Amino acid sequence: MYAFLNKYGQALAFGIGLLITVIFLGSIFSADEAVFDTLQGDDRSYETDIFNFGMMASIVLIVIAFLAAIVFGVAQFASDPKGSLKGIIGLVVLAAIVFIGYSSANGDIAAESPEIQNAINKFTTSQEATFTSGNLKFISGAILAALIMIALSVLSLVVFGIRGIFK
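Residue numbering for the sequence shown follows the UniProt record's numbering, beginning at 1 and increasing consecutively.
Derived by calculation from the structure, the hints in this document are not laboratory data.
It is possible that part of the hints are untrue.
Stated by the list, open to error - Derived DSSO-like pairs (lysine-lysine); straight-line CA-CA distance at most 27 Å:
(1) Lys122 - Lys137
(2) Lys86 - Lys7
(3) Lys167 - Lys86
Computed from a predicted model, the values in this text were never measured in an experiment.
Given only the sequences and the hints, what does the whole structure look like? Please build it.
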């Protein structure tokens with residue numbers, strides 16, 4: 001399996017991504033004109049289901065990637081526990097960043113800006129769902145954690161770039 005994925009993995013992933021993109025764009029551009037009329041920015045734009053295939057395909061691919069990462073991570077750890085120490089440390093650092101983002105996020109909907117409150121109201125109305133302060137804290141924490149990781153990656157690029165100049 002490793003040899004197959006090593007040889008054909010990138011081409012297979014690119015082909016699957018291209019196929020899903022073509023199917024998704026084909027389903028969008030073959031839609032009825034009435035569907036496009038609902039996307040003109042009024043409150044009906046939340047009622048369209050034209051993007052469902054793309055969303056479901058993205059979710060399925062994320063689940064497959066997550067499961068593959070778990071399976072191959074466990075296999076790598078089982079084959080070389082000492083060599084996997086850096087990966088385990090990386091996971092612990094990532095978990096700490098996510099925990100910091102979640103802990104420092106604001107969960108008070110009333111304290112948010114009017115734009116965010118308006119978006120929450122549109123979401124709850126169109127999806128007929130409840131949006132709790134826990135949801136807000138989770139989303140805000142995830143965004144904050146992503147921003148922290150982007151800042152760390154830019155910082156590491158700068159530091160290692162400067163280090164490479166003097167090496």
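Consistency of the hints with the structure:
1. Lys122 - Lys137: Holds. Lys122 to Lys137 sits at ~18 Å (cutoff 27 Å).
2. Lys86 - Lys7: holds, 26 Å
3. Lys167 - Lys86: With a Cα-Cα distance of about 24 Å, the restraint between Lys167 and Lys86 holds, given a limit of 27 Å.
Checked against the numbered hints above, the structure violates none of them.
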